[in-house]
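We have chain V; now place chain A onto it with these hints.
Chains V and A are the protein sequences, given in the same order.
Sequential numbering from 1 applies to the first sequence in UniProt numbering.
Sequential numbering from 1 applies to the second sequence in UniProt numbering.
Read the hints as simulated data drawn from the structure, not as lab findings.
All C-beta atoms in this analysis are idealised placements derived from N, C-alpha and C, irrespective of residue type, glycine included.
Check each hint, because a few of them may be wrong.
To be verified - Sample of chain V residues with no beta-carbon within 12 angstroms of chain A, all distances over it, derived:
(1) Cys-29
(2) Arg-30
(3) Leu-80
(4) Arg-81
(5) Arg-99
(6) Tyr-158
(7) Glu-179
(8) Thr-273
(9) Leu-274
(10) Ile-275
(11) Asp-372
(12) Phe-374
(13) Ile-379
(14) Leu-426
To be verified - Derived lysine-lysine pairs resembling DSS-like cross-links, with alpha carbons at most 30 angstroms apart:
(15) Lys-280(A) x Lys-167(V)
(16) Lys-363(V) x Lys-89(V)
(17) Lys-167(V) x Lys-134(A)
(18) Lys-122(A) x Lys-134(V)
(19) Lys-396(A) x Lys-286(A)
(20) Lys-122(A) x Lys-132(A)
(21) Lys-237(A) x Lys-141(A)
(22) Lys-333(V) x Lys-278(V)
(23) Lys-396(A) x Lys-122(V)
(24) Lys-272(A) x Lys-286(V)
(25) Lys-333(V) x Lys-396(V)
(26) Lys-280(A) x Lys-122(V)
(27) Lys-237(A) x Lys-286(V)
(28) Lys-122(A) x Lys-134(A)
(29) Lys-167(A) x Lys-167(V)
Number of protein chains: 2
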Amino acid sequence: MVFDLAGRFFGSLLLRQERPFCIHLRISCRVEDYRGQSIDLALSIRGREALRAVGLEESVVDHHGIAMRGRMLHNKDGTLREMLYDSVKGNCIYSVSRRYLNIVLLNAAEKYPEVSLFFNKKIIDANVDNGKLKILDTKTKTIEGVEADLIIGADGAYSTVRRIMAKRPLFNCSQTYIEHGYVELFVPVGTNNEFAMSGEHLHIWPRGEFMMIALPNDDHTFTGNIFAPFGTLDQLKTPQDFLSFYQKQFPDLLELIGREKLVKDYFEREPKTLISIKCKPYHVGKTTLLVGDAAHAMVPFYGIGMNAGFEDILLLDELMERYNSDFSLILPKFTELRCEDAHAICELAMYNYIEMRDLVTRKSFLLRKSLDTFLYRRIPNTWIPLYSTIHFSRMKFRDCIANKEWQDKVLRRIGWCVMFLIIGMLMAPFVEVLAEKNAFSTEYE
Amino acid sequence: MVFDLAGRFFGSLLLRQERPFCIHLRISCRVEDYRGQSIDLALSIRGREALRAVGLEESVVDHHGIAMRGRMLHNKDGTLREMLYDSVKGNCIYSVSRRYLNIVLLNAAEKYPEVSLFFNKKIIDANVDNGKLKILDTKTKTIEGVEADLIIGADGAYSTVRRIMAKRPLFNCSQTYIEHGYVELFVPVGTNNEFAMSGEHLHIWPRGEFMMIALPNDDHTFTGNIFAPFGTLDQLKTPQDFLSFYQKQFPDLLELIGREKLVKDYFEREPKTLISIKCKPYHVGKTTLLVGDAAHAMVPFYGIGMNAGFEDILLLDELMERYNSDFSLILPKFTELRCEDAHAICELAMYNYIEMRDLVTRKSFLLRKSLDTFLYRRIPNTWIPLYSTIHFSRMKFRDCIANKEWQDKVLRRIGWCVMFLIIGMLMAPFVEVLAEKNAFSTEYE
Numbered sequence: 001m002v003f004d005l006a007g008r009f010f011g012s013l014l015l016r017q018e019r020p021f022c023i024h025l026r027i028s029c030r031v032e033d034y035r036g037q038s039i040d041l042a043l044s045i046r047g048r049e050a051l052r053a054v055g056l057e058e059s060v061v062d063h064h065g066i067a068m069r070g071r072m073l074h075n076k077d078g079t080l081r082e083m084l085y086d087s088v089k090g091n092c093i094y095s096v097s098r099r100y101l102n103i104v105l106l107n108a109a110e111k112y113p114e115v116s117l118f119f120n121k122k123i124i125d126a127n128v129d130n131g132k133l134k135i136l137d138t139k140t141k142t143i144e145g146v147e148a149d150l151i152i153g154a155d156g157a158y159s160t161v162r163r164i165m166a167k168r169p170l171f172n173c174s175q176t177y178i179e180h181g182y183v184e185l186f187v188p189v190g191t192n193n194e195f196a197m198s199g200e201h202l203h204i205w206p207r208g209e210f211m212m213i214a215l216p217n218d219d220h221t222f223t224g225n226i227f228a229p230f231g232t233l234d235q236l237k238t239p240q241d242f243l244s245f246y247q248k249q250f251p252d253l254l255e256l257i258g259r260e261k262l263v264k265d266y267f268e269r270e271p272k273t274l275i276s277i278k279c280k281p282y283h284v285g286k287t288t289l290l291v292g293d294a295a296h297a298m299v300p301f302y303g304i305g306m307n308a309g310f311e312d313i314l315l316l317d318e319l320m321e322r323y324n325s326d327f328s329l330i331l332p333k334f335t336e337l338r339c340e341d342a343h344a345i346c347e348l349a350m351y352n353y354i355e356m357r358d359l360v361t362r363k364s365f366l367l368r369k370s371l372d373t374f375l376y377r378r379i380p381n382t383w384i385p386l387y388s389t390i391h392f393s394r395m396k397f398r399d400c401i402a403n404k405e406w407q408d409k410v411l412r413r414i415g416w417c418v419m420f421l422i423i424g425m426l427m428a429p430f431v432e433v434l435a436e437k438n439a440f441s442t443e444y445e
Numbered sequence: 001m002v003f004d005l006a007g008r009f010f011g012s013l014l015l016r017q018e019r020p021f022c023i024h025l026r027i028s029c030r031v032e033d034y035r036g037q038s039i040d041l042a043l044s045i046r047g048r049e050a051l052r053a054v055g056l057e058e059s060v061v062d063h064h065g066i067a068m069r070g071r072m073l074h075n076k077d078g079t080l081r082e083m084l085y086d087s088v089k090g091n092c093i094y095s096v097s098r099r100y101l102n103i104v105l106l107n108a109a110e111k112y113p114e115v116s117l118f119f120n121k122k123i124i125d126a127n128v129d130n131g132k133l134k135i136l137d138t139k140t141k142t143i144e145g146v147e148a149d150l151i152i153g154a155d156g157a158y159s160t161v162r163r164i165m166a167k168r169p170l171f172n173c174s175q176t177y178i179e180h181g182y183v184e185l186f187v188p189v190g191t192n193n194e195f196a197m198s199g200e201h202l203h204i205w206p207r208g209e210f211m212m213i214a215l216p217n218d219d220h221t222f223t224g225n226i227f228a229p230f231g232t233l234d235q236l237k238t239p240q241d242f243l244s245f246y247q248k249q250f251p252d253l254l255e256l257i258g259r260e261k262l263v264k265d266y267f268e269r270e271p272k273t274l275i276s277i278k279c280k281p282y283h284v285g286k287t288t289l290l291v292g293d294a295a296h297a298m299v300p301f302y303g304i305g306m307n308a309g310f311e312d313i314l315l316l317d318e319l320m321e322r323y324n325s326d327f328s329l330i331l332p333k334f335t336e337l338r339c340e341d342a343h344a345i346c347e348l349a350m351y352n353y354i355e356m357r358d359l360v361t362r363k364s365f366l367l368r369k370s371l372d373t374f375l376y377r378r379i380p381n382t383w384i385p386l387y388s389t390i391h392f393s394r395m396k397f398r399d400c401i402a403n404k405e406w407q408d409k410v411l412r413r414i415g416w417c418v419m420f421l422i423i424g425m426l427m428a429p430f431v432e433v434l435a436e437k438n439a440f441s442t443e444y445e
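Pulled out of the complex, with its shape left as it was, chain V reads as follows (with noise of 0.2 angstroms):
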């Protein structure tokens, strides 16, 4: 019994050992709406080695993925700054339509015999202690129960398993939205039906409190999203309005898009909100487990949202394999391995917000970003960078910001020894001076 995206690759995964489950998906629609809904989804490693335990990372990857090696800044008289994302070992992260992945996660669960699908099925009530489930069918209006040995909701950032969970004593849970709104933009193909700007980034403009991002797409468009905060984003209140603003801090992308479109998409459109999840635990005794979204959603600017959705699959997956297939010592064992994890994460993500809008503009933020690919350069092994650890490694959450913290300890300590040395060096000659002087007062006593 499970629910949406990281339920639809359940059926996969997780009868891959042949184990001895019937896996029923309930979904609420076939294909996600994905335009205006969502930003594009950013693939990499934790996402990768989950769709290649089931083998799909090919199809996904190489067949549909687009290759980002690195944001691509635009500064707002059109200049560009390339910024790696692994200029060592050359690791890219991936822009992958949340529609096309929908179906190849669709058809591979339904190849199972196991795994049976259910569509516009929405869950409105449930007991998580004895499995029994109250499911509405959308299309129907019919409300049928239903029992399952395992419930897993993996329902979304609005999920309805973890407000029935929320009703427990003993759960904790927050849920905060940031004071800042997106607005999704799109960017057309380009001449000879090529991208209009470079195909192989992350574009990004970033402008101190708010900026605008875009993905590559496979059709060779652009999606873009404006992040800025809704008392920003409410004073564009006019076309007239909002094309004086986007001249004055996006005249690059007013080229690009056309100011008739750009004013179409926009006003089109409500600002959407952006909200952040955490709670613990993450299941009720052997009978309820959640996963994905439902557990930790986070704000999308880690661009890691989705691939801690599917690492949460794999790792129950090898909870799986330890534990026998037995649940009343995996979901447990999944609540103390996965909570502090998903929180550290949840709380990079909302840090990156200010990276990514901000700090990439500031010399401090340049300078250290040099000495890390400096020092990862020479010890590749030992000094891997924060992005690097999060996107293309399965080290722990937790341990990857410990990491970072051990880097920023050793650099300010070499920074007070520079300094010094420094220093030293500054004050030798005056040293001389006295020395020599000394000298001389000595020599003429």
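For chain A alone, kept in the frame of chain V given last:
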């Protein structure tokens, strides 16, 4: 349309200015089950001011409140240490029976013809935008539709109104359970029908990781509570385990309560959980408002929860006066003025558990407390200790904490000065010796 304890208060307070309202109080039960349900209520200035505004202070404080002048700490060896709440101005907090307070508030509300009381009513759904509610009658099991101009959700820590608001965008909310539980225990009357311990104190048995407390009741009994990690409580499986634990930790209580009654009371009840709630905003448009525990339930360790709830209503009353009952202005202002303060007191209540169970026995804490008292006595209008600002003033909770931080800073600086002075004084003889030596050497040169 209001609910529960803080709600019982509305009828009286909000109508005292002869306002043109009808108020419908829908209440889950006439008198809350007060035994084993919750800790005794502590009443101090914020709650008293609200009661005073409707002429109820005297009947609650003078006739039924039991003045507690301070903490009485019980050591393991049976020795006692008194710690006054306000040794300068003699302010007290009052132990008040929840049952009695309920009756007083309901009787007062009933006197207004504009107030209608409905019992055994439970909200099951609400449209917080248009004021339409579904109310269940818990006796007849019938559901009625109700329409209100303003919904005031005073429906407690597990508020249904808040849960409905949590489904709306941009509503931030967190629920945190601490990993400690509590069990209520009762100290019977002593000889000659008098208090078995001092009836003028809040008794504490601080034991580091856990503690017992006891508050005097007006029938000369005490309501006690053991607060401890669930792990510790879980280990007390048999009466034998329990008694040997009490023999070691709280031998005087074993005497006062008696072994048999203690075991009976403890094993009759399951340990209860302690929840802390923060959310923001407290309102939706001009239609819905959260107050009291529904908005900011806190752990009970500062004894300020009910006072903060009553103060909400006092603030609301003040805003109704200021904005001439225009709720489109009142409700956003309430959120603006109250949210951060409530978050601050929730955190302080959490901290005070550590103070009560552990810090009170430490030398550093006792030193700080005597410094506080010393300065408070000398400059009582400038140096007001934290506890006094919280319980004996209506200073904003944020300002109480800022005031404490300022005091910490001052004391740290004084500490440094004193340390330098002492070092100076200790060094003085050596400096003198050196000076003398120099004087000699000069003499003989």
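Right, here's what the structure says about each hint:
1. With a least beta-carbon separation of about 20 angstroms from chain A, Cys-29(V) lies farther than 12 angstroms from that chain, consistent with its non-interface assignment.
2. Under the 12 angstroms C-beta cut-off, the non-interface status given to Arg-30(V) relative to chain A holds; the minimum distance is some 25 angstroms.
3. The beta carbon of Leu-80(V) is kept farther than 12 angstroms from every beta carbon of chain A, the shortest such distance being approximately 35 angstroms.
4. For Arg-81(V), the condition that its CB be more than 12 angstroms from all CB atoms of chain A holds, with the nearest at approximately 34 angstroms.
5. Listed as a non-interface residue, Arg-99(V) keeps its Cβ farther than 12 angstroms from every Cβ of chain A; the least gap is roughly 24 angstroms.
6. Not every Cβ of chain A is farther than 12 angstroms from the Cβ of Tyr-158(V); the closest lies at roughly 7 angstroms, contradicting the non-interface assignment.
7. A beta-carbon of chain A comes within 12 angstroms of the beta-carbon of Glu-179(V); the shortest separation is about 8 angstroms.
8. Distance check for Thr-273(V) against chain A: the nearest CB is about 4 angstroms away, which does not clear 12 angstroms, and the non-interface claim fails.
9. With a least beta-carbon separation of about 10 angstroms from chain A, Leu-274(V) fails to lie farther than 12 angstroms from that chain, contradicting its non-interface assignment.
10. Listed as a non-interface residue, Ile-275(V) fails to keep its Cβ farther than 12 angstroms from every Cβ of chain A; the least gap is roughly 8 angstroms.
11. Against the 12 angstroms criterion, Asp-372(V) stays outside the reach of chain A, whose nearest CB is about 34 angstroms from its own CB.
12. At the 12 angstroms boundary, the C-beta of Phe-374(V) stays outside the reach of chain A, the nearest C-beta of that chain being 41 angstroms off.
13. No Cβ of chain A approaches the Cβ of Ile-379(V) within 12 angstroms, the least distance being about 41 angstroms, so the stated non-interface status holds.
14. The non-interface label for Leu-426(V) is consistent with chain A: the shortest C-beta to C-beta separation is roughly 32 angstroms, beyond 12 angstroms.
15. Restraint check: the Cα-Cα separation between Lys-280(A) and Lys-167(V) comes to about 19 angstroms, which is no more than 30 angstroms; the hinted pair holds.
16. For the suggested pair Lys-363(V) and Lys-89(V), the alpha carbons sit about 25 angstroms apart, so the restraint of at most 30 angstroms is met.
17. Of the pairs offered as hints, the one joining Lys-167(V) and Lys-134(A) holds, with about 19 angstroms between alpha carbons and a cut-off of 30 angstroms not exceeded.
18. Distance restraint check for Lys-122(A) and Lys-134(V): the Cα-Cα separation of roughly 23 angstroms lies within the 30 angstroms cut-off, and the hinted pair is therefore satisfied.
19. For the hint linking Lys-396(A) to Lys-286(A), the alpha-carbon distance of about 25 angstroms falls within 30 angstroms, and the restraint holds.
20. Our distance criterion of 30 angstroms between C-alpha atoms is met by Lys-122(A) and Lys-132(A), whose separation comes to about 14 angstroms.
21. Distance restraint check for Lys-237(A) and Lys-141(A): the Cα-Cα separation of roughly 39 angstroms exceeds the 30 angstroms cut-off, and the hinted pair is therefore not satisfied.
22. With a CA separation close to 18 angstroms, the supplied pair Lys-333(V) and Lys-278(V) stays within the 30 angstroms bound.
23. The straight-line distance between the Cα atoms of Lys-396(A) and Lys-122(V) is roughly 45 angstroms, outside the 30 angstroms bound, and the hint therefore fails.
24. Proposed proximity of Lys-272(A) and Lys-286(V) is supported: the alpha carbons are some 23 angstroms apart, at most 30 angstroms.
25. For the hint linking Lys-333(V) to Lys-396(V), the alpha-carbon distance of about 15 angstroms falls within 30 angstroms, and the restraint holds.
26. The straight-line distance between the Cα atoms of Lys-280(A) and Lys-122(V) is roughly 29 angstroms, inside the 30 angstroms bound, and the hint therefore holds.
27. This hinted pair checks out: Lys-237(A) and Lys-286(V) have alpha carbons roughly 24 angstroms apart, not beyond 30 angstroms.
28. With a C-alpha separation of about 9 angstroms, the suggested pairing of Lys-122(A) with Lys-134(A) holds against the 30 angstroms cut-off.
29. For the suggested pair Lys-167(A) and Lys-167(V), the alpha carbons sit about 14 angstroms apart, so the restraint of at most 30 angstroms is met.
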